[in-house]
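Novice: The whole structure should be built from the sequences, with the hints applied where relevant.
Sequence lines, in order, name chains A and B.
By this note's numbering, the letter at position 28 of the first sequence is numbered 28, and the numbering carries on one by one without gaps.
By this note's numbering, the letter at position 68 of the second sequence is numbered 68, and the numbering carries on one by one without gaps.
Nothing false has been slipped in among the hints.
Below, a list of computed lysine-lysine pairs in the DSS-like style, where the Cα atoms sit at most 27 Å apart:
hint : chain 1 : residue 1 : chain 2 : residue 2
1    : B       : Lys37     : B       : Lys20
2    : B       : Lys20     : B       : Lys82
3    : A       : Lys32     : B       : Lys98
4    : B       : Lys93     : A       : Lys56
5    : B       : Lys20     : A       : Lys56
6    : B       : Lys90     : A       : Lys56
7    : B       : Lys98     : A       : Lys30
8    : A       : Lys141    : B       : Lys82
9    : A       : Lys30     : B       : Lys93
10   : A       : Lys201    : A       : Lys187
11   : A       : Lys161    : B       : Lys93
12   : A       : Lys141    : B       : Lys93
13   : A       : Lys220    : A       : Lys203
14   : A       : Lys161    : B       : Lys98
15   : A       : Lys16     : A       : Lys27
16   : A       : Lys182    : A       : Lys30
17   : B       : Lys90     : B       : Lys37
18   : A       : Lys203    : A       : Lys187
19   : A       : Lys17     : A       : Lys161
20   : A       : Lys141    : B       : Lys6
21   : A       : Lys141    : B       : Lys90
22   : B       : Lys82     : A       : Lys56
23   : A       : Lys32     : B       : Lys93
24   : B       : Lys98     : A       : Lys141
25   : A       : Lys27     : A       : Lys182
26   : A       : Lys27     : B       : Lys98
27   : B       : Lys90     : A       : Lys161
28   : B       : Lys20     : A       : Lys141
29   : A       : Lys56     : B       : Lys6
Please keep in mind that the hints were generated in silico from the structure rather than gathered at the bench.
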Amino acid sequence: MATQVNPTRMELTRLKKRLVTAVRGHKLLKDKRDEMVRQFMLHIRRNHTLRIEVEKALQGVSTRFAMAKAQMGALRVSEALLYPARAAVYEVGMHNVMSVDVPTIRFSGDEDADTEIPYAFTFTSSSLDNAVVELSALLPKLLELAEVEKTCNLLADEIEKTRRRVNALEYVMIPEMQTNIKFITMKLAENERTATVRLMKAKDIMAKQEAAAQAARAAKQAG
Amino acid sequence: MKKERKIAVIGDPGSVMIFKAIGLDVYYEEQGSMIEKRIHRLADDGYAVIYITEEAAQLVPEAIDYYTTATFPAIIPIPSTKGSLGLGMKRLKGNVEKAVGADILFKEG
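Specialist: So, in C-alpha cells, the structure goes:
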C-alpha cells in the first residue's frame with residue numbers, strides 16, 4: 001500500500017473498472033510481445049545466415065578487386081569505374097509487422113540477366129570483371145540483408161518497450177490496484193460494522209432509559 | 001506506398017569503389033566527423049539504405065545509433081577489404097539480447 005486512496009464507494013467502482021482495463025491491456029500486450037518475439041526469431045535467424053553469406057561473398061569480391069587493382073593500377077581501376085553502369089533496380093516500401101513499420105527493399109531487376117560491365121575490356125583485367133559480376137549477383141542478398149537487419153533492429157526495440165509495459169502492468173499497476181481495492185472494501189466493511197455497533201449501543205441506551213423511566217413511573221403509582 | 005529512394009555506400013575507396021559498378025551511390029569518407037556529416041546528409045536526402053564499412057562504422061557509433069529506431073535509413077555495416085571486424089555480428093547479438101534478454105541463438109559463435 002503505497003498510495004493514499006479515498007475509501008469511498010465511488011473510488012472503489014473507479015478502481016474496479018481500471019483493474020479490468022489493466023488486466024485486459026496486460027493480456028493483449030503479453031500476446032503482442034509473444035508474437036513479436038516469434039517474428040523476431042524468424043527474422044534474426046535469416047539475418048544471421050544472410051550476414052554470414054554476404055560477408056563471405058564480399059570478402060571474395062574484395063580480394064578480386066584488390067587483385068584487379070594490383071594488375072591494372074589504382075588509377076586505371078578508378079577510371080574504369082568512374083561511370084556507373086546502370087541504376088540498381090529495387091523497390092522500397094513499408095510494411096507493418098505487429099504495428100512496427102519496417103522497410104521492404106526488394107530487388108526488382110532480373111536476377112539471371114547478364115551483368116552489364118560499365119567499361120570497355122581493352123585496359124581492364126578479368127579480375128575486375130569477375131568482381132563486378134560477383135557483386136551484381138550479390139546485390140539481391142545485400143538488399144535483403146538491409147531489410148532483414150533493419151526489421152530486426154526495429155522489432156528488438158519494440159519488444160523491449162512492450163516488455164517493459166507488460167512488466168510494469170504485471171508487477172506494479174495491477175498489484176497496486178488490487179491492494180487498493182482490498183483496502184477500500186475492508187474499510188467500507190469496517191465502517192458498516194461501526195455503524196451497526198453504534199446503532200445497537202444507541203438502542204441499548206434508549207432501552208435502559210425507557211426501563212428506568214418505566215420503573216420510576218411504577219414507583220410513583222405505588223407510592 | 002512506393003517512394004523513390006536511393007542506396008549509398010560509405011567507406012574507404014579501396015573497399016567501396018567497386019559498388020559504383022552496380023549503380024549504388026558511393027561516397028569516400030575516412031574521417032569520423034566527415035562520415036557523421038555524410039550519414040546525416042544522406043538520411044536527410046531520403047536514402048533507404050546506407051552500407052558502411054565496419055571500419056568507418058566504428059568511428060561513428062552515435063550517428064548509427066541515432067537512426068536505429070527510424071524506419072529509414074537502414075545503416076548496414078559491411079566488411080572492408082581488411083576483413084570483417086565482427087561489428088555486424090555484434091549488432092546482431094545485441095539485438096537478440098535486447099529482445100529476448102539473453103543470447104540464446106549464437107552462443108557458440
